[in-house]
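Reassemble the complex: the two chains are provided individually, in unrelated frames, and hints are given to aid placement.
Each chain is listed here by its residues.
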Amino acid sequence: MLEVTNAVVRYGAITALQGISFDVREGEIVTLLGANGAGKSTTLRMLSGLHAPVEGRIVFEGRDVTMTKAHQFMALGIGHVPEGRRIFPQMSVEENLEMGAFARRGSYSDDIERMYAMFPILKDRRKQMGGNLSGGEQQMLAIARALMGRPRLLLLDEPSMGLAPMVVEMIFRIIAEIRGQGTTVFVVEQNAAQALRLADRGYVMENGRIVFDDTAANLLVDPRVRAVYLGEEVEEV
Amino acid sequence: MGAFAHFLAGHFDTLRLEFWSLLVGGVANGFIYGMVAVGYTLVYGVLRLINFAHSEIFMTGGFASYFVLRAVMGTSVPSGWATFGVILVGIVVGGTAGALAATLLERVAYRTLRRRNAPKLAYLISAIGASYFLFNLAGKEFGRYNESMPQPYINHPVFTIFGAPVQLYYLVIVAAGAVMWLVLDRFVAATKLGRGIRAVAQDAETASLMGVNIDRTIAITFALGGALGGVGGFLFGLGSGVVYTMGFVPALKAFTAAVLGGIGNLRGAMIGGLILGVVESLSIAFVQAAYFDVVAFAILVLVLLVRPTGILGERLGRSA
Ligand SMILES: Nc1ncnc2c1ncn2[C@@H]1O[C@H](COP(=O)(O)OP(=O)(O)O)[C@@H](O)[C@H]1O
Ligand SMILES: [Mg+2]
Chain A
1 MLEVTNAVVR
11 YGAITALQGI
21 SFDVREGEIV
31 TLLGANGAGK
41 STTLRMLSGL
51 HAPVEGRIVF
61 EGRDVTMTKA
71 HQFMALGIGH
81 VPEGRRIFPQ
91 MSVEENLEMG
101 AFARRGSYSD
111 DIERMYAMFP
121 ILKDRRKQMG
131 GNLSGGEQQM
141 LAIARALMGR
151 PRLLLLDEPS
161 MGLAPMVVEM
171 IFRIIAEIRG
181 QGTTVFVVEQ
191 NAAQALRLAD
201 RGYVMENGRI
211 VFDDTAANLL
221 VDPRVRAVYL
231 GEEVEEV
Chain B
1 MGAFAHFLAG
11 HFDTLRLEFW
21 SLLVGGVANG
31 FIYGMVAVGY
41 TLVYGVLRLI
51 NFAHSEIFMT
61 GGFASYFVLR
71 AVMGTSVPSG
81 WATFGVILVG
91 IVVGGTAGAL
101 AATLLERVAY
111 RTLRRRNAPK
121 LAYLISAIGA
131 SYFLFNLAGK
141 EFGRYNESMP
151 QPYINHPVFT
161 IFGAPVQLYY
171 LVIVAAGAVM
181 WLVLDRFVAA
191 TKLGRGIRAV
201 AQDAETASLM
211 GVNIDRTIAI
221 TFALGGALGG
231 VGGFLFGLGS
241 GVVYTMGFVP
251 ALKAFTAAVL
261 GGIGNLRGAM
271 IGGLILGVVE
281 SLSIAFVQAA
291 YFDVVAFAIL
301 VLVLLVRPTG
311 ILGERLGRSA
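Going down the list, the protein sequences come from chains A and B. Taking the working numbering as reference, the numbering of the first sequence is continuous, increasing by one, and the terminal residue is 237. Taking the working numbering as reference, the numbering of the second sequence is continuous, increasing by one, and the terminal residue is 320.
Looking at chain B on its own, in the form it has when it is part of the complex (with noise of 0.2 Å):
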């Protein structure tokens, strides 16, 4: 028993210490969480299915910002407005190439089997195996090794938070994240196109009665979760580089995040990203940095177990 709790103590201690920092990588991690955990959250309110090709969604959006960055950037580190340039080319092609291959992907995959009026079952088998083709492509055409992102900038801190240094990529992570969730928030809570959206969630048949056209709303709600997805495979891609397998365990862990703040909630997708990349991020002071990746997964059962309908529970529907 005393052994014990000194043991608890030992850890308590590294927590005390490393509070700060790990909050900081924990936030920063949970941004890139939240804007892929978004993708299955929209996905899923307009089509009660789990899309689980998401995953190559954001190594597609990692890839095209890889190439994009190599191709337009010299051998020396940009600075100034030349490193925010870069970075922006890098979010606009990882997000284009996201919301491309999303709606793409929904195309093939999912509307050939809408039309038919396939079970449920179909569309994971479907999932999955695009998300195969795609994975095993990328490994092929790219190679099978993780190749680094050109760095637009040299990682600096750039202040510090109770000691503890927060870098520039965590800046560009929660910048670019907040600033597209709150975007998407917006659009989907204030605009005709979002008002379309939310009536295809809560009720498709009457929504087509209204004028909406449910093929092209689904097609763009695919798009904006594809985009933010893609945006996420940029930045994990500026910090951990870039590889055909780069999507299982982000996107595995993003999708812990939807169900944690309540699948089919937007907000809910952000909140449980952060949550989850702060949990996630603590945990290191309790549990060797090998098991990292089985906190979020332990996280995903006990949720499914205790609150199946997450935080805030589902509501795709409402505007606010």
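Just chain A, same shape as in the assembly (with noise of 0.2 Å):
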């Protein structure tokens, strides 16, 4: 569904990305592991058309969407939830789930009912203002608002950010919800252990190299993964 080839991302004289392949097959989740500064969400970010790579090929569904600009994908198919969810703070919750049916034509008032059925607390807060929500239903509303676009892949930068386990744990079951509705998953977690449960395959990430890839069940066992990442939660725990 999504392949990505040798792709080079430079901030200036930051090289941020380089040269990583991976690729996420229809209906996966698949999930990206790295430590903070890792380049997870500058990946995501080039999938979203936010940094063009400068080198490297991009194809989704068969096509080429290298040079693909930001405001196209919504529309081909791909929806962001992005890092910090990025609520519009002054609109509200109804008009954030708008913003997400921006690209399309039509009426879609049928899938802000379904986003209120499928969290039906931004229902009771529909007419309160994005920057007022907590950080959890303000997730929930970042996931929801990229479901209305109606996307085949979803990519979602740290959802469990900031949120109480509690939280966490409702975010990972909606998005394994997701999964089963048909929409394939491309996660970014510094949660390791959470998000390799949730997934069927990972890609580990270093200074801008993906350094290994394995199936979730491998990788949860893997002593890299272990020692690097789930070592390092227990120990924070």
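Wrong hints could be hidden among the right ones.
With a cut-off of at most 30 Å between alpha-carbon atoms, the simulated BS3-like pairs for lysine-lysine come out as follows [as the list claims (entries may be wrong)]:
| no. | chain 1 | residue 1 | chain 2 | residue 2 |
| --- | --- | --- | --- | --- |
| 1 | B | 192 | A | 69 |
| 2 | A | 69 | B | 120 |
| 3 | A | 127 | B | 192 |
| 4 | A | 123 | B | 192 |
No lab work stands behind these hints, which were simulated from the structure alone.
Printed below as a string of structure tokens:
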């Protein structure tokens, strides 16, 4: 469904992605793990046209999207839930959802109702400003907003960041549900244990390179992952 | 002390006698300031910069409507529906010219800088350069003298408020200003494109993830502000004539109004315009007419010192 080959992204003199290759197949949940600053967000931003790669190729559903502009991706079927959620703070919950349907033509009121059914709390808050929601509510809204574009591939950037464990639990359940409804998911996480329990496969990134990849089940017991990512987490808790 | 009280009392007498007619004139001016202020505020909302060439958008609207009215109008002053038609032509031409000029300005002076991620100062210099270029070009092409706008009516008082006559000219300004501002307000609050403008104002990058074409949205924003500014130029020209420097003072006052209402805030721009127009007009009772223009700028400095976010604060983002 998505195939990235030797992609290089630079910020001025900094090379944030040093030629990464990976793929995501239809129906999968794939996770991209890595420490802070490894290049995970840059990878997702590249997949949404926010940073064009200076080298390499991105193919989505057989179409070369390497140079496609950011505002065209939603219509192509790629939804992006950005790092830090990025809710429009001075728009109501409902308007935020409407923004998610910006790239679509025709009526989307059914989709709004579908989002309210999936996230009842958003229905209760529909008239509230996005900026006044709690972190968990904002994350749900960010996911619902991306789903409003009916993406076939959903990109999630650290959906668990800054959320209480119970809320994280819920967000991960929702991600599983979204895949169950037929949307492919590519999720970036620092929370490796939880991400690997959710995902089918995983890639591990260090300093702008993908250093290894495997099935999620194997990565969960992989000593390299355990030492660096899971080990850290155990210490943190 | 007694002498000062006497001095003040004299001025308050003037204020009492002239209050209603000063108010009427102030409100009319205020509508023009507000219409022009909206252009500053819209552009500030999406780009976080002051479009200092907006004064020349105003001038372009004034000249375009002047030339078209001169071409279409005969020697006699029209009446009835013809008056209405001529005013409408002036508004449409002024607004279209303003919108086109603003869009072109954005293309040439701003978009090129945006492509290169230029620092804010570069935009300021680019805007001032564009402004000088445009008004000097107008001076060279259209002459250096003030030309009267062909009059679509005989400016009768239509009715009186507490003895103060309200002339047709003032009614035209208020009607045109109110209608355009209401349409703009609804457009930004309730249409898809308007939502796109607010999204770009709040978080441009995320807006683009939603499918909003940022360049196109910025162009639309300039066009909207340019349309209101251009109509402002026509309405101003109707009373004061057109000349290549006509944009300078009204636009600086409109900028003051935008800051007064809270730059970035659409309703604030209109409210700021009205307050500025009225305060300025009433101040005539206290200061010599020669100081008329100074009042507005004293207000600007005062607002910047006391409440830089303006009366309503910045919030182009909001729908209501
Ligand atoms: N806008 C930017 N300008 C310059 N450097 C950046 C920018 N964004 C990210 N970087 C750098 O690129 C690298 C990768 O960042 P990022 O993709 O955000 O990592 P992650 O999401 O894995 O934490 C880091 O070294 C970061 O400092
Ligand atoms: Mg990141």
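Do the hints match the structure? See the list:
1. B:192 - A:69: holds, 20 Å
2. A:69 - B:120: holds, 24 Å
3. A:127 - B:192: Answer holds: residue 127 of chain A to residue 192 of chain B is near 18 Å, not above 30 Å.
4. A:123 - B:192: holds, 21 Å
In the structure shown, no violation is registered for any of the earlier numbered hints.
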